[in-house]
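From just these sequences and the hints, can you work out the full model?
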Amino acid sequence: MSSSDAKLIKLNFVAGFHRESTQYAEEGKWYDGDRVRFRAGKPEVLRGFDLRVDETFDGNARDLVTWSDNNQFKRALWGTEQKLYEHNGDQIFDVTPVSVSVTLANVFGTSAGSTRVCVSDGSHGRKTGDFVFFTSAAVIGSDVTLDDVYPVSVINSNVYAIESTITAGATSTQAGAATLHYLIGTGSENAVTGVGYGAAGYNAGVSTAGARGWNQPTSTGASDFVSEITTWSLDNWGEDVIANRRGGTIYHWDTDASTTPIRAVKVSGSTNSTPTTVNSIIVSPNDRHLIALGSNEFKTTASTNGDFNPLTVRWSDQEDYTNWVPSVSSTSGEVLLTDGTRIVGGIRSRNAMNIFTDNSMWQMQFVGPPFTFSFNQVGTNCGLISPHSGTDYDGRTYWMDYDNFYVFDGTVRKLDCTVRRYIFDNLNMDQKDKVFCGVNSEFTEIIWLYPSKTSSECDSYVIFSPEENYWTIGTCFWTTFADKTVFGNTITTGVTAAGSNLYNNEPTDIFTGNGEALKSVLESGDFEIADGNDIMFLDRIIPDFDMSSGTIQFSIVTKQYPESTESITKGPFTIGSSTQKINLRARGRQARIKVSCESTGTKWRWGSVRVGVQPDGGR
Numbered sequence: 000m001s002s003s004d005a006k007l008i009k010l011n012f013v014a015g016f017h018r019e020s021t022q023y024a025e026e027g028k029w030y031d032g033d034r035v036r037f038r039a040g041k042p043e044v045l046r047g048f049d050l051r052v053d054e055t056f057d058g059n060a061r062d063l064v065t066w067s068d069n070n071q072f073k074r075a076l077w078g079t080e081q082k083l084y085e086h087n088g089d090q091i092f093d094v095t096p097v098s099v100s101v102t103l104a105n106v107f108g109t110s111a112g113s114t115r116v117c118v119s120d121g122s123h124g125r126k127t128g129d130f131v132f133f134t135s136a137a138v139i140g141s142d143v144t145l146d147d148v149y150p151v152s153v154i155n156s157n158v159y160a161i162e163s164t165i166t167a168g169a170t171s172t173q174a175g176a177a178t179l180h181y182l183i184g185t186g187s188e189n190a191v192t193g194v195g196y197g198a199a200g201y202n203a204g205v206s207t208a209g210a211r212g213w214n215q216p217t218s219t220g221a222s223d224f225v226s227e228i229t230t231w232s233l234d235n236w237g238e239d240v241i242a243n244r245r246g247g248t249i250y251h252w253d254t255d256a257s258t259t260p261i262r263a264v265k266v267s268g269s270t271n272s273t274p275t276t277v278n279s280i281i282v283s284p285n286d287r288h289l290i291a292l293g294s295n296e297f298k299t300t301a302s303t304n305g306d307f308n309p310l311t312v313r314w315s316d317q318e319d320y321t322n323w324v325p326s327v328s329s330t331s332g333e334v335l336l337t338d339g340t341r342i343v344g345g346i347r348s349r350n351a352m353n354i355f356t357d358n359s360m361w362q363m364q365f366v367g368p369p370f371t372f373s374f375n376q377v378g379t380n381c382g383l384i385s386p387h388s389g390t391d392y393d394g395r396t397y398w399m400d401y402d403n404f405y406v407f408d409g410t411v412r413k414l415d416c417t418v419r420r421y422i423f424d425n426l427n428m429d430q431k432d433k434v435f436c437g438v439n440s441e442f443t444e445i446i447w448l449y450p451s452k453t454s455s456e457c458d459s460y461v462i463f464s465p466e467e468n469y470w471t472i473g474t475c476f477w478t479t480f481a482d483k484t485v486f487g488n489t490i491t492t493g494v495t496a497a498g499s500n501l502y503n504n505e506p507t508d509i510f511t512g513n514g515e516a517l518k519s520v521l522e523s524g525d526f527e528i529a530d531g532n533d534i535m536f537l538d539r540i541i542p543d544f545d546m547s548s549g550t551i552q553f554s555i556v557t558k559q560y561p562e563s564t565e566s567i568t569k570g571p572f573t574i575g576s577s578t579q580k581i582n583l584r585a586r587g588r589q590a591r592i593k594v595s596c597e598s599t600g601t602k603w604r605w606g607s608v609r610v611g612v613q614p615d616g617g618r
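Sequential numbering of the sequence shown, starting at 0, is according to numbering that gives the first Met the number 0.
Hints in this document: simulated from the structure, not taken from any laboratory. Keep in mind the model is a prediction, meaning the values are calculated, not measured. Note that CB positions come from ideal geometry on N, CA and C, so glycine has one too. Hints should not be assumed to be uniformly reliable.
With a cut-off of at most 25 Å between alpha-carbon atoms, the simulated SDA-like pairs for lysine to any residue come out as follows [what the hints assert, rightly or not]:
1. Lys602 <-> Phe572
2. Lys82 <-> Val52
3. Lys569 <-> Ser598
4. Lys413 <-> Gly367
5. Lys82 <-> Gly175
Label-pair distances were calculated between CB atoms; the ranges are [to be verified]:
6. Ser267 <-> Gly124: 18 to 26 Å
7. Gly27 <-> Glu54: 43 to 51 Å
8. Arg287 <-> Thr474: 19 to 27 Å
9. Thr507 <-> Asp68: 18 to 26 Å
10. Met428 <-> Glu318: 26 to 34 Å
11. Gly88 <-> Ser326: 40 to 48 Å
12. Gly367 <-> Arg38: 43 to 51 Å
13. Ser141 <-> Thr474: 49 to 57 Å
14. Thr102 <-> Asn155: 20 to 28 Å
15. Ser100 <-> Ala496: 55 to 63 Å
In structure tokens, the structure reads:
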């Protein structure tokens with residue numbers, strides 16, 4: 000048998016990954032991979048990433064907004080379960096709102112040889128992990144100065160401790176007054192589920208809908224106790240930002256004082272009618288109303304808010320986010336949606352807001368007086384899986400619910416997803432609120448970040464290309480994602496062992512991760528000849544890769560039968576930009592190929608790779 004008898008065939012597989020059946024059943028298609036996209040039907044490696052700012056921040060980002068202010072200064076703002084942050088220039092600033100400030104006398108105490116500072120406040124109401132900073136605080140003793148934001152370690156209801164960076168030279172107390180500024184309390188990094196008494200931690204009281212109070216057992220049904228993660232919703236109000244942490248009030252962050260950013264402040268009107276309990280916010284695009292989704296109902300008999308209703312849509316006066324009182328001189332108002340148990344989130348689209356409950360989709364459109372907005376239900380059994388699991392791109396709204404992906408382009412439609420079963424079988428549903436959707440307009444991609452079953456944090460992604468109609472999957476460490484419109488490349492937040500960082504994602508001609516090699520993988524479904532009646536003999540590979548420097552690894556795996564436990568791997572063979580041919584001797588009824596790359600900075604793209612194949616008998 001000579002190699003000249005083997006016919007060269009091109010390995011042209013269908014674009015995207017196909018995981019709805021077995022690897023054998025997905026014949027002629029790409030089956031699996033990581034850090035790979037398709038362009039004009041051909042697979043290529045994703046670009047890399049690097050740190051945008053060389054400093055970490057506290058917590059895990061749950062929403063991210065980027066914009067340019069009126070002076071064309073590029074900015075980013077994001078919220079974690081611990082703090083709210085702003086980025087401009089080459090710095091990150093803590094702009095977390097202050098919940099309360101108190102001025103007290105003689106509150107600090109130090110011990111010689113210790114960095115610990117005890118703080119006496121009989122009504123501090125803090126929990127361990129909350130944050131505090133101080134003003135008008137004199138030096139304690141002769142050497143300890145408190146000039147930072149400190150995490151709190153609660154000792155009892157009257158005293159807590161902080162850790163200074165300075166070791167006290169003597170045991171001392173501070174004489175005189177100081178102002179204590181308590182930041183809004185830290186939230187939950189992870190969702191907690193359980194059943195029965197004390198399921199979320201001993202005697203933990205939770206105010207979310209359907210949960211139990213203090214010293215009360217949960218039910219024994221399917222909807223038992225769920226403690227939600229802390230999420231934020233952020234939206235621009237001109238060059239400023241409106242911020243809401245789920246279950247809390249609404250804050251305004253002002254871009255003024257750009258060199259030393261101020262903290263976000265609570266939104267409050269003269270009537271005290273601003274909603275105090277809100278699950279998310281959105282700003283209407285043209286008419287400029289601030290909209291609260293899941294909110295206190297308006298209370299007409301007093302200047303305070305009514306009861307919280309998770310299906311309430313409430314909006315401020317036009318161009319005035321402080322006025323929430325409906326009147327003849329105000330466009331403020333509210334509506335209660337009717338399909339679902341709670342509003343999960345909203346997505347701004349062209350001339351409308353798409354509002355999602357856990358079961359339905361509604362369109363909210365500005366119509367002017369006397370109703371201000373119209374509400375039309377456009378879909379059912381198609382709710383959001385998480386507050387940030389949808390986005391709008393080119394006038395179409397894309398989102399993810401509990402078992403499908405959808406698009407709204409005038410009609411709600413399920414997307415034909417070639418990896419649907421794989422995604423939802425591997426999704427950690429306990430942490431579903433961490434699912435985050437973003438847009439990569441450079442490649443016309445919609446990306447969803449999600450936690451797999453083996454992780455409590457986002458460690459995986461799925462990408463859909465509306466333009467080329469393919470799906471890809473892979474691994475990541477991102478928690479949020481913002482398009483390139485402001486910074487010239489997509490911006491992500493991510494969590495590694497070193498902490499949480501802000502990243503430039505896919506900058507031009509960067510194919511490393513902070514200078515380190517990134518692994519990309521590509522694997523096909525099986526291929527065969529004569530429906531597997533004949534054994535194949537493969538004798539050579541003719542590479543065709545568009546490559547920069549570096550190398551890739553190429554393997555062929557053969558089997559006799561789909562369920563065979565034994566397989567034979569030929570390779571991996573090293574392929575560089577000048578590799579012309581690889582000789583091999585491989586036999587099997589079916590075969591598949593694997594491509595991987597771990598060389599630093601390698602850019603590669605699949606062309607028309609050929610293999611030499613001929614029948615080799617039936618046995």
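Hint consistency between lysine 82 and valine 52 [alpha-carbon to alpha-carbon, up to 25 Å]: holds, 17 Å
Outcome for the supplied range 43 to 51 Å, where the beta carbon pair is glycine 27 and glutamate 54: About 48 Å separates the Cβ atoms of glycine 27 and glutamate 54, which means 43 to 51 Å holds.
Beta-carbon spacing of serine 267 to glycine 124 - inside the hinted bounds 18 to 26 Å or not: Roughly 20 Å apart at Cβ, these two residues keep to the hinted range, so it holds.
25 Å limit on alpha-carbon distance, applied to hinted pair lysine 602 and phenylalanine 572: This hinted pair holds, its Cα atoms lying about 18 Å apart.
C-beta pair methionine 428, glutamate 318: status relative to the range 26 to 34 Å that was hinted: Roughly 41 Å apart at Cβ, these two residues miss the hinted range, so it is violated.
Restraint check for lysine 413 with glycine 367, where alpha carbons must lie at most 25 Å apart: violated, 33 Å
Agreement of lysine 82 and glycine 175 with the hint, judged by alpha carbon distance not exceeding 25 Å: violated, 30 Å
Restraint status (C-alpha distance of lysine 569 to serine 598 at most 25 Å): holds, 20 Å
Hint check for arginine 38 and glycine 367 - Cβ pair distance inside 43 to 51 Å: holds, 45 Å
Cβ separation of glycine 88 and serine 326, checked against the hinted range 40 to 48 Å: holds, 43 Å
Satisfaction of the hinted span 19 to 27 Å by the C-beta atoms belonging to arginine 287 and threonine 474: violated, 40 Å
Hint check for alanine 496 and serine 100 - Cβ pair distance inside 55 to 63 Å: violated, 36 Å
In the structure shown, a violation is registered for the earlier hints numbered 4, 5, 8, 10 and 15, in ascending order.
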